[in-house]
Amino acid sequence: MNFEISKEPINIQSVIDKVIQREAGAITTFIGTVRELTYGKKTLFLEYQAYEAMAVKKLEQIGREIEERWPGAKSAITHRVGRLDITDVAVVIAVSTPHRADAYDANRHAIERIKEIVPIWKKEHWEDGEEWIGNQKETLAYPGGKPEGKDLNE
Amino acid sequence: MNFEISKEPINIQSVIDKVIQREAGAITTFIGTVRELTYGKKTLFLEYQAYEAMAVKKLEQIGREIEERWPGAKSAITHRVGRLDITDVAVVIAVSTPHRADAYDANRHAIERIKEIVPIWKKEHWEDGEEWIGNQKETLAYPGGKPEGKDLNE
Amino acid sequence: MNKIMFFAHLRDAAGEFINMEAAGKTVAQLKAEVAEKYSLQNIETVMTAINEEFAGNEEIIQDGDVIAFIPPVSGG
Amino acid sequence: MNKIMFFAHLRDAAGEFINMEAAGKTVAQLKAEVAEKYSLQNIETVMTAINEEFAGNEEIIQDGDVIAFIPPVSGG
Numbered sequence: 003m004n005f006e007i008s009k010e011p012i013n014i015q016s017v018i019d020k021v022i023q024r025e026a027g028a029i030t031t032f033i034g035t036v037r038e039l040t041y042g043k044k045t046l047f048l049e050y051q052a053y054e055a056m057a058v059k060k061l062e063q064i065g066r067e068i069e070e071r072w073p074g075a076k077s078a079i080t081h082r083v084g085r086l087d088i089t090d091v092a093v094v095i096a097v098s099t100p101h102r103a104d105a106y107d108a109n110r111h112a113i114e115r116i117k118e119i120v121p122i123w124k125k126e127h128w129e130d131g132e133e134w135i136g137n138q139k140e141t142l143a144y145p146g147g148k149p150e151g152k153d154l155n156e
Numbered sequence: 003m004n005f006e007i008s009k010e011p012i013n014i015q016s017v018i019d020k021v022i023q024r025e026a027g028a029i030t031t032f033i034g035t036v037r038e039l040t041y042g043k044k045t046l047f048l049e050y051q052a053y054e055a056m057a058v059k060k061l062e063q064i065g066r067e068i069e070e071r072w073p074g075a076k077s078a079i080t081h082r083v084g085r086l087d088i089t090d091v092a093v094v095i096a097v098s099t100p101h102r103a104d105a106y107d108a109n110r111h112a113i114e115r116i117k118e119i120v121p122i123w124k125k126e127h128w129e130d131g132e133e134w135i136g137n138q139k140e141t142l143a144y145p146g147g148k149p150e151g152k153d154l155n156e
Numbered sequence: 174m175n176k177i178m179f180f181a182h183l184r185d186a187a188g189e190f191i192n193m194e195a196a197g198k199t200v201a202q203l204k205a206e207v208a209e210k211y212s213l214q215n216i217e218t219v220m221t222a223i224n225e226e227f228a229g230n231e232e233i234i235q236d237g238d239v240i241a242f243i244p245p246v247s248g249g
Numbered sequence: 174m175n176k177i178m179f180f181a182h183l184r185d186a187a188g189e190f191i192n193m194e195a196a197g198k199t200v201a202q203l204k205a206e207v208a209e210k211y212s213l214q215n216i217e218t219v220m221t222a223i224n225e226e227f228a229g230n231e232e233i234i235q236d237g238d239v240i241a242f243i244p245p246v247s248g249g
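Residue numbers (this note's numbering), protein chains in the order written: chain A, 3 to 156; chain B, 3 to 156; chain C, 174 to 249; chain D, 174 to 249.
Hints were generated in silico from the structure; no laboratory data involved.
Given the structure is predicted, the values throughout are model-derived calculations rather than measurements.
It cannot be assumed that every hint is accurate.
Said to hold, decoys possible - Sample of chain B residues at the chain A side, in silico, Cβ under 7 Å: (1) K9; (2) I12; (3) S16; (4) I22; (5) I29; (6) T30; (7) T35; (8) E38; (9) Q51; (10) V58; (11) R85; (12) I88; (13) T89; (14) Y106; (15) R110.
Claimed, not checked - In silico lysine-lysine, BS3-like type, Cα no more than 30 Å apart, as pairs: (16) B/K117 with D/K176; (17) D/K198 with B/K59; (18) A/K44 with A/K59; (19) C/K198 with A/K59; (20) A/K117 with A/K9; (21) A/K43 with A/K125; (22) C/K176 with A/K125; (23) B/K9 with A/K20; (24) B/K20 with A/K44; (25) A/K20 with B/K117; (26) A/K117 with A/K59; (27) B/K43 with B/K117; (28) A/K44 with A/K20; (29) A/K125 with B/K117; (30) B/K59 with D/K176; (31) B/K59 with B/K9; (32) B/K43 with A/K125; (33) A/K125 with C/K210; (34) B/K9 with D/K176; (35) A/K9 with A/K59; (36) A/K117 with A/K20; (37) C/K198 with A/K20; (38) A/K20 with B/K59; (39) B/K44 with B/K117; (40) B/K44 with B/K125.
We put the CB at the ideal spot given by N, CA and C, even for glycine.
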């Protein structure tokens with residue numbers, strides 16, 4: 003179970019443990035935390051919602067993309083859902099590779115792809131309101147009604 | 003004590019905890035582990051030695067470089083010394099930043115600089131011998147007898 | 174019969190899911206119908222999944238397919 | 174008096190440290206002397222620190238300075 007959606011706080015070490023391998027000399031992790039200020043606006047807390055079954059499939063797809071592009075790489079991703087407070091951990095991505103440059107590149111690929119194809123949404127709660135946030139990548143319109151080419155499961 | 007040399011196994015979470023900040027939405031970690039095979043040769047175990055007082059100063063220097071170059075970044079580094087077995091953790095670098103691209107770039111800066119200026123050495127033990135490893139960056143000769151320019155403490 | 178699932182701002186407007194007969198319709202047709210019925214906002218930015226895979230606007234829905242409307246994602 | 178520290182392969186050859194009078198010498202002079210005395214290998218790749226900071230070959234050693242010979246590092 004290297005790719006998970008979790009309702010409970012994420013144990014970072016347990017995500018790292020999934021990618022340890024004798025052939026790997028480098029592990030990178032990306033830990034996304036809830037930031038208090040976004041463009042000067044103060045967040046009180048966040049709420050994450052997922053289409054869980056599909057989100058797990060899409061995380062697995064990202065794992066396969068990484069294995070194909072960076073041979074010898076192994077990855078694990080856990081994304082949390084539910085209410086999160088400031089500094090809480092929303093996502094942990096761990097990638098191990100034989101050599102270190104790949105560990106950074108592959109990890110970054112994972113977070114960029116999460117923001118493109120994994121059906122998870124966050125709602126920001128501020129003092130004066132709340133809103134579902136979309137389109138972080140500012141690739142709003144999919145004229146074909148779906149992501150193109152590489153965004154599909156292939 | 004964000005920059006440390008440790009004789010004991012490194013607790014990854016405790017290094018991460020040092021860089022958590024309400025303003026940061028991204029934390030990256032780099033975890034260097036002992037790899038079994040290097041260029042096809044099988045390592046039995048490693049031994050790390052440090053000039054501890056100077057190594058801590060140089061790690062602190064790297065932390066200052068990161069803060070200057072990536073505003074809002076906060077970093078912590080622990081490097082282990084002594085005998086390490088395959089998959090043991092040799093170094094943990096944690097960097098938090100407001101935005102994620104910086105967290106990868108700043109973290110990578112740290113590991114590259116460790117391999118340039120921090121007085122720590124490893125001895126590889128193989129079935130048929132042992133050797134102190136140097137010059138990983140293949141910048142063997144310092145004609146002036148020391149690193150140039152930015153490598154100095156400024 | 175088909176299950177149609179909603180997420181994020183669409184769920185706030187239309188609820189978690191509905192069951193309806195959608196076999197034979199294209200994704201685009203279904204999307205337009207449902208958007209009108211529930212007065213859904215920004216429907217042109219919404220992707221569609223059939224049985225947990227992204228599907229194009231021209232795809233024809235089969236009986237039993239589970240449809241999900243996927244607003245721009247914001248995980249991570 | 175000065176303390177001269179050795180690391181990695183230099184330590185295997187010369188021990189952890191020695192005490193000697195080095196005031197007035199340049200780093201290059203001291204390095205050459207010590208390398209000859211202990212038959213140290215690859216001394217041209219070895220950097221020097223004075224009081225825990227990298228020092229150039231032309232720097233003059235003062236009484237009480239702690240000198241360290243720093244082979245190419247291999248941490249990480």
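Here is what the structure says about each hint:
Of the supplied interface hints, the one on B/K9 is violated, with its beta-carbon coming no nearer than about 21 Å to a beta-carbon of chain A, more than 7 Å. Interface hint at B/I12: violated, since its Cβ lies 11 Å from the closest Cβ of chain A, which is beyond the 7 Å cut-off. The criterion of a C-beta within 7 Å of any C-beta in chain A is not met by B/S16, whose closest approach is roughly 11 Å, and the hint is violated. Because the beta carbon of B/I22 sits about 6 Å from the nearest beta carbon in chain A, less than 7 Å, this interface hint is met.
Look at B/I29: its Cβ gets to within about 4 Å of chain A, closer than 7 Å, so that hint holds up. Hint status for B/T30: holds, given a least beta-carbon distance of 6 Å to chain A, under 7 Å. The interface hint given for B/T35 is met, as the beta carbon of that residue sits about 6 Å from the closest beta carbon of chain A, less than 7 Å. For B/E38, the interface hint holds, since its Cβ comes within 7 Å of a Cβ in chain A; the closest pair sits about 4 Å apart.
Nearest Cβ of chain A to the Cβ of B/Q51: about 19 Å, over the 7 Å cut. The hint is violated. About 22 Å separates the beta-carbon of B/V58 from the nearest beta-carbon of chain A, more than 7 Å, and the hint is not met. Given the 7 Å rule on beta carbons, the hint for B/R85 is violated: about 17 Å separates it from the nearest Cβ of chain A. Against a cut-off of 7 Å between C-beta atoms, the interface hint on B/I88 holds, since the closest Cβ of chain A lies about 5 Å away.
Interface restraint check for B/T89: the shortest CB-CB distance to chain A comes to about 6 Å, inside 7 Å, so the restraint holds. With a least beta-carbon distance of about 5 Å to chain A, the hint placing B/Y106 at the interface is held under the 7 Å criterion. The beta carbon of B/R110 is positioned within 7 Å of a beta carbon in chain A (closest approach about 5 Å), and the interface hint is therefore held. About 26 Å separates the Cα atoms of B/K117 and D/K176, which keeps this hinted pair within 30 Å; it holds.
Restraint check for D/K198 and B/K59: the C-alpha separation of about 26 Å stays at or below 30 Å, so the hint holds. Simply put, A/K44 and A/K59 have alpha-carbon atoms about 33 Å apart, too far for the 30 Å limit, and the pair is violated. Only pairs whose Cα atoms come within 30 Å are accepted, and C/K198 paired with A/K59 is accepted, the gap being roughly 26 Å. Between A/K117 and A/K9 the CA atoms are separated by roughly 19 Å; this keeps the pair inside 30 Å, and the hint holds.
As the CA atoms of A/K43 and A/K125 are separated by approximately 14 Å, the hinted pair is consistent with the 30 Å bound. Our distance criterion of 30 Å between C-alpha atoms is met by C/K176 and A/K125, whose separation comes to about 24 Å. Our distance criterion of 30 Å between C-alpha atoms is met by B/K9 and A/K20, whose separation comes to about 25 Å. Taking the CA atoms of B/K20 and A/K44, the gap is near 23 Å; set against the 30 Å cutoff, the hint holds.
Of the supplied pair hints, the one linking A/K20 and B/K117 holds, its CA atoms being roughly 27 Å apart against a limit of 30 Å. A hinted pair counts as satisfied when its Cα atoms are at most 30 Å apart, and A/K117 with A/K59 qualifies at roughly 15 Å. The straight-line distance between the Cα atoms of B/K43 and B/K117 is roughly 21 Å, inside the 30 Å bound, and the hint therefore holds. A threshold of 30 Å between alpha carbons decides the hint, and for A/K44 with A/K20 the separation of about 35 Å lies outside it, so the pair is violated.
In summary, the hint linking A/K125 to B/K117 is not supported, as the alpha carbons are separated by about 42 Å, beyond the 30 Å threshold. Note on B/K59 and D/K176: the hinted pairing holds, with a Cα-Cα distance of about 19 Å set against a maximum of 30 Å. For the suggested pair B/K59 and B/K9, the alpha carbons sit about 17 Å apart, so the restraint of at most 30 Å is met. Restraint check for B/K43 and A/K125: the C-alpha separation of about 51 Å exceeds 30 Å, so the hint is violated.
Between A/K125 and C/K210, the direct Cα distance comes to roughly 24 Å. Compliance with the 30 Å bound is thereby established for this hinted pair. For a cut-off of 30 Å, the pair hint linking B/K9 to D/K176 stands: about 24 Å separates their Cα positions. Using a Cα cut-off of 30 Å, the hinted pair A/K9 and A/K59 holds, with the two alpha carbons roughly 17 Å apart. Of the supplied pair hints, the one linking A/K117 and A/K20 holds, its CA atoms being roughly 22 Å apart against a limit of 30 Å.
Between C/K198 and A/K20, the direct Cα distance comes to roughly 43 Å. Violation of the 30 Å bound is thereby established for this hinted pair. Note on A/K20 and B/K59: the hinted pairing is violated, with a Cα-Cα distance of about 34 Å set against a maximum of 30 Å. A threshold of 30 Å between alpha carbons decides the hint, and for B/K44 with B/K117 the separation of about 22 Å falls inside it, so the pair holds. Restraint check for B/K44 and B/K125: satisfied, since their Cα atoms lie roughly 13 Å apart, inside the 30 Å limit.
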